[in-house]
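Trainee: Single-letter residue listing:
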Amino acid sequence: MDAERRHPLPEEEPSERDQAAVSRRAFLERILGAAAVASLTGAGVTAWSDNALADEGHGEEGGHADDAPESTRVRRWAMVIDLRLCDGCVELGTPPQCTQFCNWGRYVPERQQWMEVVEQPHADPPGAFPHTMPLPCFQCENAPCVNVCPVGATLHTPEGTVLIDQERCIGCRLCIAACPYNRRFFNWSDPVQPDWVQGSPYDVRTQTPALRGTVMKCDFCTDRLEAGGLPFCAQGCPWGAMYFGDLEEDVATNGREIVKLSAFVHETGAFRYKEELGTEPRVWYVPGSGEAVPRSNHRDFMKDRLEWPWREWAEMDEANGMSLEEDGYGAEGSEAAHE
Amino acid sequence: MASAVMTNDGTARSDPILGPRIAGMQDAVLAPLARTGAAYYALMVLLLAVFLWGVYAWTVQIRRGLAVTGLSDQIPWGFYITNFVFWIGVSHAGTFISAVLRVGKVGWRTPVVRMAEFMTVAALLMGAWMPIVDLGRPDRLLNVLNYGRFQSAIVWDLMAITTYLTGSLIYLYLPLIPDLALARDRLDPTRQRFRHHIYSILAVGWRGGDEQWRRLARGIRIMCVLIIGVMVSVHTVVSWIFGMTLRPGWHSTIFGPYFVVGAIWSGLAAVLVGMAVFRRAFHLQSVITRRHFVRMANLLLVAGLVYTYMTISEYLTIAYKLETQDLSLLDALWTGQYAPLFWTYAIGGMLIPLVLLALPWTRNVPGIVAASVLVNIGMWIKRFVITVPSLAVPQIPGEWASYAPTWIEASIVAATFAGFALLVGLMAKAFPLVPMWELAEQIEAGAE
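Residue numbers (the working numbering), protein chains in the order written: chain A, 1 to 339; chain B, 1 to 448.
It is possible that part of the hints are untrue.
Unchecked claim - Now the stretches of chain B that chain A is said to cover, found in silico as 3 or more residues with beta-carbon under 8 Å:
(1) 57–66
(2) 70–76
(3) 124–135
(4) 143–153
(5) 245–252
(6) 396–402
What the hints contain is simulated information worked out from the structure, not anything from laboratory work. Bear in mind that the values here come from a model prediction, so they are computed numbers and not experimental data. Ideal placement from N, C-alpha and C gives every residue a C-beta, glycine not left out.
Can you make the complete structure from the sequences, with help from the hints?
Mentor: The following block contains the structure:
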């Protein structure tokens with residue numbers, strides 16, 4: 001199995017970091033130019049999930065549609081996390097901003113952390129200061145969760161991300177047991193979300209509204225990527241540690257600089273988490289322990305506590321619909337929000 | 001009562017008077033069908049109450065979601081899945097005793113065959129209920145049929161269990177036909193009209209002609225070979241739900257056979273407990289003798305030794321290498337938070353029962369039944385110890401998760417035990433507990 005597994009990155013050894021050759025503007029134009037294609041493939045996702053037995057068991061190997069017309073380039077979304085730039089926001093004295101932005105931007109239900117920052121103990125030297133490690137869903141190409149789903153509710157998109165169709169999920173939680181990274185979360189009761197989210201029509205790509213008795217996880221914000229933006233975690237990271245990009249086009253950006261994906265990964269010696277399991281994650285880590293994080297900052301931060309304000313909001317809505325503007329919906333809401 | 005005719009462990013060969021014995025046994029076996037005591041009703045009402053309480057707990061869970069359980073994202077499976085594996089395990093007893101011993105032409109099986117088959121059907125129904133209780137969206141159960149993916153172990157499970165249930169019902173029914181006819185002919189059609197009518201329908205016009213016997217024998221022969229394969233498949237795929245993941249402790253090549261042997265071990269023990277209960281409640285001492293207990297105990301001993309061997313093999317191979325995750329799992333199992341449960345199982349559910357079964361002075365009915373009860377308690381714990389700690393091992397840097405079941409989960413688990421006893425009790429009331437014609441055949445064969 002290993003022998004035939006294609007290396008997901010081009011083998012070429014770049015001599016220089018040629019990200020300067022691609023301007024940010026050009027990059028964004030390219031992404032926006034692909035919007036038509038992207039929306040087509042986006043529609044394909046829904047059609048795919050509606051089509052009971054289509055393609056499953058094949059999607060997880062390729063990660064991109066083999067039967068697509070040759071002229072159509074399908075994006076293969078990938079992520080690189082530069083651990084040299086990640087200290088879990090300890091220096092700032094705030095909870096991890098990637099988690100915060102993700103929670104707020106995606107209306108993540110309480111107690112779930114689709115983007116979770118953990119402390120990874122250093123193996124070498126023993127006793128060294130632990131480094132922090134943000135864990136999104138790794139969008140594995142050989143995804144155990146996709147393999148075990150009895151109803152095809154968790155699926156690969158042609159772009160290689162793993163989505164969950166919460167309208168089909170039966171809540172057996174075999175995928176949660178199968179995921180070796182604990183990146184899946186279950187709505188144990190009715191998820192509390194803002195009214196306008198719960199009232200919106202279901203969208204498989206944004207997983208809104210959240211439905212009780214179904215599984216959720218990080219979805220790579222592909223709706224934002226396709227529109228030319230960055231996922232919330234990358235946007236929230238104060239140091240630009242998170243790069244998103246396209247393996248097909250071999251380019252990635254953290255919103256400040258643009259890198260050639262393969263060169264960046266090779267030069268920095270980036271690794272994939274639990275590579276030995278053969279899950280083929282779409283997320284690379286640049287080794288490091290926050291050494292490149294600036295020791296002073298002049299940045300304003302939106303979120304100073306790890307919180308899911310949805311319940312609080314709902315209670316406020318219910319209690320005094322009239323005086324919302326007094327309390328505001330801001331981050332400085334009551335302390336009771338997270339426990 | 002025919003107990004006077006039979007010695008406690010006397011064989012048919014030693015008894016010169018065959019006719020009265022069969023007649024006496026028939027009376028003993030058919031008596032519970034005709035007469036029902038107050039104690040029986042009281043017990044059934046009690047069991048029904050416990051069962052309904054569990055059903056009520058389930059409705060609470062359906063209303064409020066799985067948040068009413070002690071489960072979490074780190075430990076997504078607990079009591080329900082443990083109980084599921086337990087009941088599917090118990091369901092192996094009927095087939096094993098009935099089909100395997102029939103294929104092997106083991107004569108002494110007859111009085112315990114049907115009881116074991118009743119238990120198989122009841123255990124399967126209770127076992128099959130558990131994954132449905134465990135679903136976050138039981139309302140979408142039919143998605144498994146509409147969108148079923150053959151790559152998923154849950155679909156294998158669904159197919160294996162439904163096949164096994166269907167097969168077990170057929171296999172239970174076929175040998176029952178002559179006895180249903182017997183009950184039909186024995187019941188007074190004027191005084192017990194309703195029951196007579198039911199038995200007439202179920203007996204499908206059985207008259208005991210040569211052709212009927214020939215076809216029946218053929219059907220039973222085919223079914224008993226087929227059902228053995230299905231039985232092995234059922235617990236194999238149950239184990240593969242665990243075995244197909246990357247979790248420490250589940251990631252094992254021997255899980256299929258390990259679960260099958262464990263199922264036979266707990267299933268035989270469950271039948272032994274059932275034998276003891278029915279022997280006393282239905283006054284079947286003449287039919288189910290000490291000899292049957294000892295023979296069953298021999299099988300149980302063999303299954304227990306094989307299971308012990310596989311348990312040692314399973315843990316020694318991972319304990320020797322001590323990969324990081326296996327190390328933390330074994331730490332938790334042997335010396336950590338799950339150690340009390342693990343050692344209760346290992347000593348109380350494995351070692352002590354084996355000793356009770358092996359020593360000559362405890363190889364009597366009380367000793368054997370005590371061992372069987374211990375095996376069943378131990379195997380329930382063992383299934384818990386397989387399910388929960390492997391999930392609790394941190395897969396990413398972080399804390400150990402913990403799991404504390406709630407009253408909802410406990411009530412539903414209790415309901416499966418009550419429901420099982422209720423179903424077996426009802427079936428034993430409705431149908432002859434011992435296949436009369438097979439018993440008669442055997443006694444005759446033994447006399448030749």
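Trainee: Work down the list of hints and note, for each, if the structure agrees.
Mentor: Against the structure, the hints come out as follows:
no.: 1; hint: 57–66; in the structure: holds (count 3)
no.: 2; hint: 70–76; in the structure: holds (count 5)
no.: 3; hint: 124–135; in the structure: holds (count 3)
no.: 4; hint: 143–153; in the structure: holds (count 9)
no.: 5; hint: 245–252; in the structure: holds (count 3)
no.: 6; hint: 396–402; in the structure: holds (count 3)
Of the numbered hints stated above, none is contradicted by the structure.
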